[in-house]
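Student: Here are the chains, one letter per residue:
Protein chains: 2
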Amino acid sequence: MNGNEDFMCLNAVREALKVIDGKWAFPVIGQLYYGSQRFNGLRRSLGGISIKSLTIVLRHLEELQVVRRQIFPTVPVTVEYSLTEKGREYRAVLMQMRRWGEKWTIDSGK
Amino acid sequence: MNGNEDFMCLNAVREALKVIDGKWAFPVIGQLYYGSQRFNGLRRSLGGISIKSLTIVLRHLEELQVVRRQIFPTVPVTVEYSLTEKGREYRAVLMQMRRWGEKWTIDSGK
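Chains as they are written, first to last, in the numbering used here: chain A, 1 to 110; chain B, 1 to 110.
Only chain A is shown next, with the shape it has when bound in the complex:
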């Protein structure tokens, strides 16, 4: 076992874990796969999320460069949230989770 490689692996996985930290990160990312959305649109799609929670999770995902916040100079200004390439590629992680989850929960419930 290579200690340095192990360390890199730990760091890489930790970086991926940061993205889905908290209750709302995954549902927000899931919604943004359908396309860019405005704050209130996201709130509606995620029925039940508070303004505060959505603000926090969007900032968190912006800091990780998973979500992009774009401001359009309309009157009043339009703010849209979308996934960056880094965010879109995170889909591979979620798909792998889905595969595992479907195998080990839905099957075992039969």
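Each hint should be verified, as a subset may be incorrect.
Heads up, the list lumps identical chains together, so a pair's fine if it works in one copy or across two of them.
[What the hints assert, rightly or not] Subject to a maximum C-alpha distance of 27 angstroms in a straight line, what follows is the list of computed DSSO-like cross-link-like pairs (lysine-lysine):
1. 86 x 52
2. 23 x 52
3. 18 x 103
What the hints contain is simulated information worked out from the structure, not anything from laboratory work.
Given chain A, put chain B in place with the hints provided.
Tutor: Structure of chain B alone, referenced to chain A:
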């Protein structure tokens, strides 16, 4: 988009997310990939984890049937923790996280 399929997907991903909830679940699973371990061995490998935290995370993973707790009738009894098949197959999720993490953090640091 199929609402029912979406719902199953959400549930499957949520099930996978439960596994790595908390600070210590990933390091514990990572250690157990090397083979079964006793409580104190795990504690040593994970330097810095408290008895309470390790107890909690092991119970959490046992409840999810990701970790198996086996008692051997030695004197005094030996208790060993190992990954179940469900736990071993979780590796695919962690490997996908690693791939994503390595692409998006180590590369971007160059």
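Student: Decide, hint by hint, whether the structure agrees.
Tutor: Hint check results:
1. 86 x 52: within (25 angstroms within a copy, 36 angstroms between copies)
2. 23 x 52: Intra 13 angstroms, inter 24 angstroms, cutoff 27 angstroms: intra and inter.
3. 18 x 103: Both, since 25 angstroms and 15 angstroms are each at most 27 angstroms.
Consistency with the previously given hints is maintained throughout, with no hint failing.
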